[in-house]
Amino acid sequence: MGHNPQLLWKGHQGLEQARPAFPERDGTGPTVSASALASLSAWGPNQLSPRGLNAHTKPETEHPFPVSAPPGPLSGSGVHFLPWRDPWTHREGRLRKHSWKRKMPSTDLLMLKAFEPYLEILEVYSTKAKNYVNGHCTKYEPWQLIAYSVVSTLLIVWVYGFVFQPESLWSRFKKRCFKLIRKMPIIGRKIQDNLNKTKDDISKNMSFLKVDKEYVKALPVQGLSSSAVLEKLKEYSSMDVFWQEGKASGAVYSGEEELTELLVKAYGNFAWSNPLHPDIFPGLRKIEAEIVRIACSLFNGGPDSCGCVTSGGTESILMACKAYRDLAFANGIRTPEIVAPQSAHAAFDKAANYFGMKIIRVPLNKMMEVDVRAMRRAISRNTAMLVCSAPQFPHGILDPVPEVAKLAVRYKIPLHVDACLGGFLIVFMEKAGYPLEQPFDFRVKGVTSISADTHKYGYAPKGSSVVLYSDKKYRSHQFFVATDWQGGIYASPTIAGSRPGGISAACWAALMYFGESGYVEATKQIIKTTRFLKSELENIKGIFVFGNPQLSVIALGSRDFDIYRLFNLMTAKGWNLNHLQFPPSIHFCITLVHTRKRVAIQFLKDIRESVTQIMKNPKAKTTGMGAIYGMAQTTVDRNLVAELTSVFLDSLFSTDAVTPSSQMNGSSKPR
Numbered sequence: 001m002g003h004n005p006q007l008l009w010k011g012h013q014g015l016e017q018a019r020p021a022f023p024e025r026d027g028t029g030p031t032v033s034a035s036a037l038a039s040l041s042a043w044g045p046n047q048l049s050p051r052g053l054n055a056h057t058k059p060e061t062e063h064p065f066p067v068s069a070p071p072g073p074l075s076g077s078g079v080h081f082l083p084w085r086d087p088w089t090h091r092e093g094r095l096r097k098h099s100w101k102r103k104m105p106s107t108d109l110l111m112l113k114a115f116e117p118y119l120e121i122l123e124v125y126s127t128k129a130k131n132y133v134n135g136h137c138t139k140y141e142p143w144q145l146i147a148y149s150v151v152s153t154l155l156i157v158w159v160y161g162f163v164f165q166p167e168s169l170w171s172r173f174k175k176r177c178f179k180l181i182r183k184m185p186i187i188g189r190k191i192q193d194n195l196n197k198t199k200d201d202i203s204k205n206m207s208f209l210k211v212d213k214e215y216v217k218a219l220p221v222q223g224l225s226s227s228a229v230l231e232k233l234k235e236y237s238s239m240d241v242f243w244q245e246g247k248a249s250g251a252v253y254s255g256e257e258e259l260t261e262l263l264v265k266a267y268g269n270f271a272w273s274n275p276l277h278p279d280i281f282p283g284l285r286k287i288e289a290e291i292v293r294i295a296c297s298l299f300n301g302g303p304d305s306c307g308c309v310t311s312g313g314t315e316s317i318l319m320a321c322k323a324y325r326d327l328a329f330a331n332g333i334r335t336p337e338i339v340a341p342q343s344a345h346a347a348f349d350k351a352a353n354y355f356g357m358k359i360i361r362v363p364l365n366k367m368m369e370v371d372v373r374a375m376r377r378a379i380s381r382n383t384a385m386l387v388c389s390a391p392q393f394p395h396g397i398l399d400p401v402p403e404v405a406k407l408a409v410r411y412k413i414p415l416h417v418d419a420c421l422g423g424f425l426i427v428f429m430e431k432a433g434y435p436l437e438q439p440f441d442f443r444v445k446g447v448t449s450i451s452a453d454t455h456k457y458g459y460a461p462k463g464s465s466v467v468l469y470s471d472k473k474y475r476s477h478q479f480f481v482a483t484d485w486q487g488g489i490y491a492s493p494t495i496a497g498s499r500p501g502g503i504s505a506a507c508w509a510a511l512m513y514f515g516e517s518g519y520v521e522a523t524k525q526i527i528k529t530t531r532f533l534k535s536e537l538e539n540i541k542g543i544f545v546f547g548n549p550q551l552s553v554i555a556l557g558s559r560d561f562d563i564y565r566l567f568n569l570m571t572a573k574g575w576n577l578n579h580l581q582f583p584p585s586i587h588f589c590i591t592l593v594h595t596r597k598r599v600a601i602q603f604l605k606d607i608r609e610s611v612t613q614i615m616k617n618p619k620a621k622t623t624g625m626g627a628i629y630g631m632a633q634t635t636v637d638r639n640l641v642a643e644l645t646s647v648f649l650d651s652l653f654s655t656d657a658v659t660p661s662s663q664m665n666g667s668s669k670p671r
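Mapping the sequence shown onto full-length UniProt numbering, position 82 (from 1) lands on 82, and the numbers just tick up by one.
Treat the hints as calculated values from the structure; they're not laboratory data. Treat the hints with caution; some may be incorrect.
Stated by the list, open to error - SDA-like cross-link-like pairs, simulated, lysine to any residue; straight-line CA separation at most 25 Å:
(1) Lys322 to Val409
(2) Lys619 to Ile540
(3) Lys234 to Ala218
(4) Lys197 to Thr645
(5) Lys350 to Ala374
(6) Lys174 to Pro185
(7) Lys322 to Arg293
(8) Lys605 to Lys621
(9) Lys358 to Tyr411
(10) Lys524 to Ile294
(11) Lys472 to Gly312
(12) Lys462 to Met512
(13) Lys358 to Ala642
(14) Lys350 to Pro583
(15) Lys199 to Leu640
(16) Lys472 to Ala496
(17) Lys358 to Leu407
(18) Lys597 to Glu538
(19) Lys358 to Pro400
(20) Lys528 to Gly255
(21) Lys350 to Ser249
(22) Lys350 to Phe582
(23) Lys406 to Gln438
(24) Lys473 to Asp304
(25) Lys605 to Gly557
(26) Lys462 to Thr595
(27) Lys113 to Thr127
(28) Lys445 to Asp471
(29) Lys366 to Ile379
(30) Lys128 to Tyr118
As the list claims (entries may be wrong) - Listed next, with one range per pair, are the computed distances between beta-carbon atoms:
(31) Ala572 to Glu536: 18 to 24 Å
(32) Ser226 to Arg443: 50 to 56 Å
(33) Gln438 to Gln633: 30 to 36 Å
(34) Ala289 to Ser646: 37 to 43 Å
(35) Glu521 to Leu436: 16 to 22 Å
In this text, a Cβ means the ideal position worked out from N, Cα and C, and glycines have one as well.
Please construct the entire structure, taking both the sequences and the accompanying hints into account.
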């Protein structure tokens with residue numbers, strides 16, 4: 001604690017002088033009128049607090065610094081305050097003359113008077129600083145001062161722009177270093193050779209490139225008949241993996257023949273329609289409006305809830321991010337940030353890349369849920385939105401939406417719940433007899449938007465999703481309007497302009513076909529199958545299940561062997577699983593297809609056989625695509641991984657024949 005100056009009160013009938021107990025430097029100083037001292041005497045010595053004047057009287061024993069009381073009433077013509085030293089900063093200063101009121105000041109005025117010495121000190125030092133700067137500027141000409149100011153300002157602006165970018169400084173530094181390394185003569189050449197070899201391995205192991213049919217590379221001279229076209233398409237569909245047997249993770253969520261016929265007819269009735277022209281296709285506009293309102297009702301939206309129909313989960317997420325980015329711009333945020341769990345869908349990275357935002361990834365806890373404390377620490381003045389998943393794609397875990405929503409309310413930040421994967425499961429869980437542990441929808445205060453795919457567990461054809469908002473004020477920022485185009489005022493609610501009306505019509509048909517009872521029954525079958533698989537997989541030695549999945553996704557890992565070896569062996573048995581990274585894992589997404597024909601029993605049988613085979617030599621090296629996945633995860637230079645991934649993307653449009661590899665699915669023996 002600092003030392004408060006002991007005020008020495010002197011005088012018989014009045015106070016002649018009061019000075020601090022600190023030694024004086026000189027005999028000069030400002031004076032204070034006697035009326036001020038009269039006011040001081042009225043308060044009494046016990047009301048002089050160590051940090052100023054206190055309106056509340058305290059016992060003398062509580063006062064940390066003894067103050068001697070005056071022997072009588074204060075009187076006199078004035079008081080001379082000598083130079084003093086501030087007890088908390090230990091700096092010297094002077095008091096100026098003040099004309100104090102004769103009446104006792106109010107509480108606010110007392111507080112102001114208490115801080116006057118410090119304001120005086122601040123003024124003294126600001127004057128010294130001004131004189132110091134002016135003294136050093138005298139040796140420069142005016143044009144030099146202007147030039148230095150301009151250059152300094154530009155330099156500061158450049159440094160600020162360089163440091164504070166959507167991509168972190170450390171990430172850009174690493175990229176630059178790796179780029180320089182790849183330019184080194186010997187090292188760079190070796191890296192490129194290995195990169196080319198890996199690209200060849202990837203191309204040879206891509207099963208979808210191994211077709212024994214010639215590619216059509218030009219239009220036929222004469223058009224084909226309808227029957228010939230359909231026959232050709234039948235040939236193409238025969239190349240598909242036998243997903244009807246239930247060996248594909250996710251991908252196809254129903255496949256029921258009767259539903260397929262209905263969707264085809266619904267699409268045919270609206271094959272030429274386009275939501276861009278509601279005046280020409282008013283029926284289609286009604287269809288999309290009803291899809292959105294049905295979805296809002298399922299997610300317990302209020303009367304002001306609203307939304308849009310999109311082409312899929314990625315676009316739904318993009319639209320929510322775009323809306324919150326523009327809202328952040330309107331609130332003065334220049335670099336909006338997305339705070340999302342590490343497990344949130346990659347579409348949020350795409351949104352950040354497309355819209356010039358910065359994504360902050362928050363770590364998960366041991367149960368693979370977002371760490372709420374870490375999310376709170378990640379929030380900044382630039383945060384434009386928070387993200388939760390219900391469930392997240394990698395492990396099928398639901399994030400604690402209510403806890404994150406409290407942060408959203410506290411810091412007044414929009415919260416988006418990504419329910420693209422399981423949205424049309426979670427809304428029926430309670431009625432299916434599997435109530436969730438915590439709410440996730442618009443019933444939770446703080447949830448402002450939700451994305452849900454109707455083309456997954458809504459069983460609509462691919463290319464259908466919805467993005468929902470709790471209030472129209474959020475959706476308005478999603479819209480795009482061009483007012484000055486020569487073609488007229490152009491406006492669109494989502495990214496696409498023209499959209500296939502047939503998809504929306506088929507989506508509406510699926511909703512009407514299933515109805516509430518149909519969706520509840522489908523949910524019951526899927527969750528029952530998932531819970532059965534989870535309980536059985538947890539008892540297989542050598543593998544474990546990540547977290548506590550409550551919906552339709554089960555992620556597997558291993559502490560004994562490379563889990564990608566299991567991926568390879570299951571692929572060899574005809575299964576199509578999803579590989580994951582950070583940590584290494586694989587997952588299986590259960591759909592209606594897997595609830596039929598004892599698919600779950602066969603899956604468990606093949607898993608047990610594969611794990612038993614691997615455990616005979618758990619440390620064996622992984623080969624094939626499993627090795628490529630493992631290599632991609634451990635590669636420090638993520639630009640190399642991106643370059644390798646481009647091989648896959650390029651191959652999607654390749655019309656070149658590929659020689660089948662002699663080594664498939666990581667098998668050590670040629671096939």
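Quick rundown of the hints versus the structure:
| no. | hint | in the structure |
| --- | --- | --- |
| 1 | Lys322 to Val409 | 20 Å, holds |
| 2 | Lys619 to Ile540 | 18 Å, holds |
| 3 | Lys234 to Ala218 | 20 Å, holds |
| 4 | Lys197 to Thr645 | 14 Å, holds |
| 5 | Lys350 to Ala374 | 23 Å, holds |
| 6 | Lys174 to Pro185 | 19 Å, holds |
| 7 | Lys322 to Arg293 | 22 Å, holds |
| 8 | Lys605 to Lys621 | 24 Å, holds |
| 9 | Lys358 to Tyr411 | 18 Å, holds |
| 10 | Lys524 to Ile294 | 21 Å, holds |
| 11 | Lys472 to Gly312 | 21 Å, holds |
| 12 | Lys462 to Met512 | 17 Å, holds |
| 13 | Lys358 to Ala642 | 19 Å, holds |
| 14 | Lys350 to Pro583 | 22 Å, holds |
| 15 | Lys199 to Leu640 | 11 Å, holds |
| 16 | Lys472 to Ala496 | 20 Å, holds |
| 17 | Lys358 to Leu407 | 19 Å, holds |
| 18 | Lys597 to Glu538 | 23 Å, holds |
| 19 | Lys358 to Pro400 | 23 Å, holds |
| 20 | Lys528 to Gly255 | 19 Å, holds |
| 21 | Lys350 to Ser249 | 24 Å, holds |
| 22 | Lys350 to Phe582 | 19 Å, holds |
| 23 | Lys406 to Gln438 | 14 Å, holds |
| 24 | Lys473 to Asp304 | 9 Å, holds |
| 25 | Lys605 to Gly557 | 18 Å, holds |
| 26 | Lys462 to Thr595 | 21 Å, holds |
| 27 | Lys113 to Thr127 | 21 Å, holds |
| 28 | Lys445 to Asp471 | 13 Å, holds |
| 29 | Lys366 to Ile379 | 22 Å, holds |
| 30 | Lys128 to Tyr118 | 15 Å, holds |
| 31 | Ala572 to Glu536: 18 to 24 Å | 21 Å, holds |
| 32 | Ser226 to Arg443: 50 to 56 Å | 52 Å, holds |
| 33 | Gln438 to Gln633: 30 to 36 Å | 32 Å, holds |
| 34 | Ala289 to Ser646: 37 to 43 Å | 41 Å, holds |
| 35 | Glu521 to Leu436: 16 to 22 Å | 18 Å, holds |
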